[in-house]
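Protein chains in written order, with the working numbering: chain L, 1 to 160; chain S, 161 to 666.
What the hints contain is simulated information worked out from the structure, not anything from laboratory work.
Among the hints, erroneous ones may be present.
Cβ-to-Cβ under 7 Å is the rule here; a few derived chain L residues that face chain S [to be verified]:
1. Glu45
2. Tyr63
3. Phe68
Glycine residues also receive a C-beta, built at the ideal position from the N, C-alpha and C atoms.
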Amino acid sequence: MEFTPENKKKIEEILKRYPEGKVGRQAALLPVLRLAQEQFGYLSEEAMLTVAQVLDLSPASIYGVATFYTLFNKKPVGKYHLQVCANLSCCMEGAEKVVKHLEEKLGIVPGETTADNRFTLSEVECLAACGTGPVIQVNENYHEKIKTPEDVDRLLEKLR
Amino acid sequence: MPKVTIDEKVVDVPEGTNLIEAARLGGIEVPHYCYHPKLSVAGNCRMCLVEIEKQPKLQIACNTKVAEGMVVKTQNPRVEKARRSVLEFILINHPIDCPICDQAGECKLQEYYMKHDLAVSRFPIEEKVHKDKAVDLGPWVMLDMERCILCTRCVRFCQEVAEVNELCVSERGDHSTLTTFPGAKLENPYSANVVEICPVGALTNKDFRFKCRVWFLKRTESVCPGCSMGCNINIDQNEGEIHRLTPRVNEEVNEHWMCDEGRLTYKPVNQKNRLRFAKMGEKDLHPDEVLRAVREMMTGVDPNLVCGIGSAQFTNEDNYALASFLKELGSSHLFYHRFEPAHPSVDDYLIKADKNPNTKGVSTLGFKEIGGDRRFKFFFVLGALPEEALNRIALEQQKKVILFNPWDEETVHYADTLLPVGTFAETEGTFTNCQGRVQRIRAAFPPPGEGRPVWQWLTHLTRLFEKPAPNYTTAPALFLSMANQIAAFRGLDYEKIGNQGMLLKG
Ligand code: SF4
Ligand code: SF4
Ligand code: FES
Ligand code: FES
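Given the sequences, and given the hints that come with them, work out the whole structure.
What follows is the structure in structure tokens.
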């Protein structure tokens with residue numbers, strides 16, 4: 001597994017933003033992991049090892065960071081990655097019901113992907129849109145105030 | 161130096177000291193998990209909360225530096241309540257499997273629970289988050305994921321001391337798990353140190369676990385014989401069987417650590433093939449008989465045919481006793497040998513390529529490396545010297561070898577006389593490490609069978625020769641004589657060497 005020449009250039013650019021040495025390389029880890037996810041689709045162990053090599057950091061330190069953030073996928077995801085915020089404010093607005101409904105509709109539980117590879121369902125931590133919860137992030141886009149089963153159905157319809 | 165008041169006690173501590181250390185200097189223990197004096201401050205466990213006057217919230221002592229006039233309370237009701245809450249929080253998902261946990265008896269969770277909490281758990285055991293148990297992390301360490309309190313001491317040890325980031329905390333929240341990269345191992349040459357710094361039973365030593373409950377262990381302060389660094393250690397044994405060696409703090413030598421290889425040096429002590437009785441040929445003999453036979457053999461021989469071969473594996477005292485004995489016989493031919501493996505491990509921290517604890521000592525005592533001068537017939541040898549090394553300096557005619565050894569090994573059966581002696585764990589005396597630091601080792605128990613220290617054998621033998629010296633009754637007496645006789649040892653005092661060692665002169 002290797003970064004494309006284009007992405008390699010981007011990594012060089014990223015590294016320039018931080019101080020030289022290990023601290024800087026550690027700081028560059030998040031943006032580089034995003035780049036890896038973009039190119040490889042998800043962060044497989046192999047992808048993490050590639051990042052480790054490019055940044056000259058230990059595999060374990062990459063693993064700790066990659067698994068901490070829900071925005072990094074450690075398994076392949078479907079076309080639409082439904083990331084439901086399951087943190088406090090969203091739960092008070094009914095996020096749990098939203099998840100339940102999604103589970104029923106899609107026939108999967110959080111962490112799984114539908115057989116047709118269309119949807120992956122995940123519960124994630126606060127998406128920083130607490131005022132307009134419950135929030136579902138679909139790939140890179142936010143869908144806010146998804147409160148009722150009907151709201152969920154409408155969203156799914158749009159994605160079909 | 162700033163003055164701070166801790167629990168009514170005024171202590172004067174160096175600038176930059178944190179409150180845990182400041183309290184320690186005042187004789188007060190602030191309970192803590194994640195803080196370790198040799199690692200960076202993580203401040204994640206919150207166990208060390210204390211009250212500081214004029215600060216509205218409790219502060220963590222590990223990450224608070226002293227300031228002039230600070231007034232700190234470490235045991236008022238507010239602090240005690242916080243401590244209980246923190247402990248309860250840490251214990252939420254703890255499996256409480258003390259009865260089958262090897263850490264029981266030296267576990268900070270147990271200790272602090274008994275001392276600061278003693279409350280009934282509000283978290284039913286069925287509702288706890290479970291994780292993997294008995295995860296094999298590498299050659300030395302076993303991990304119980306659900307016992308881990310995520311203090312990250314082990315992670316920081318690997319980063320900061322071993323300088324290989326082999327460990328990390330993965331996931332988050334109550335799924336957080338200590339781990340290596342999938343499929344990777346914790347296998348740096350210092351890996352087992354994480355076992356001692358883990359405050360709980362999450363990391364256990366594969367070589368030690370389930371061998372012995374820690375409260376049955378008796379501890380003896382000693383020095384690792386694995387290489388010329390001479391890391392300070394504890395010998396932990398029960399009824400004459402060593403169960404583990406653990407590092408003992410010496411800031412001038414090994415700080416708080418030891419290498420994994422050094423931890424194995426106790427194995428030969430427990431080995432079955434210990435030499436128990438004095439032997440001539442294949443026959444076990446009474447010590448007195450053997451000594452009389454040696455005396456007979458040595459009577460009237462030309463001193464120039466006699467040489468002593470000391471060993472970098474034996475103490476200064478043993479080598480010195482050999483030198484004084486030879487002197488009484490009229491010989492000053494002193495050589496030494498050392499253990500030289502073909503591919504010694506080495507690094508730029510503790511691990512030295514010279515795998516002998518006392519090379520510096522034996523050479524300081526005037527022993528020379530074995531040369532090529534073939535003119536000796538009688539040999540007094542410490543330790544398992546390979547026969548071919550001996551042959552390099554032996555006359556063609558039959559040689560006579562009196563050999564002191566802890567083991568009954570094939571390789572020494574060429575010796576005419578074998579006398580059983582103690583290993584490092586059964587010997588009182590000193591080693592001089594590569595820095596020139598003279599450090600004491602202590603006997604954890606006596607050697608098996610008729611085994612006794614080299615110097616004791618030689619003292620008995622000297623008496624048979626009706627010579628005045630050596631006539632030693634204890635290792636300290638020997639040391640005193642050595643300090644009087646040998647310039648480099650002058651001024652050293654056995655008592656003052658204590659458990660931290662003293663440097664040779666010059
Ligand atoms: S394994 Fe032990 S030292 Fe490592 S983080 Fe867990 S509790 Fe701390
Ligand atoms: S570095 Fe040398 S003295 Fe220290 S523990 Fe290892 S073998 Fe023993
Ligand atoms: S709690 Fe859902 S966005 Fe913050
Ligand atoms: S010891 Fe201070 S926070 Fe852990």
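Interface hint compliance - phenylalanine 68 (chain L) to chain S, C-beta minimum distance less than 7 Å: At about 5 Å, which falls below the 7 Å cut-off, the nearest Cβ of chain S leaves the hint on phenylalanine 68 (chain L) intact, so it holds.
For the hint on tyrosine 63 (chain L), just tell me whether its beta-carbon gets within less than 7 Å of chain S. Holds, because the Cβ-Cβ distance from tyrosine 63 (chain L) to chain S comes to roughly 5 Å (cut-off 7 Å).
Classify the hint on glutamate 45 (chain L) as holds or violated, based on whether any CB of chain S lies nearer than 7 Å to its CB. Holds, because the Cβ-Cβ distance from glutamate 45 (chain L) to chain S comes to roughly 6 Å (cut-off 7 Å).
Taken one by one, the earlier hints all hold for this structure without exception.
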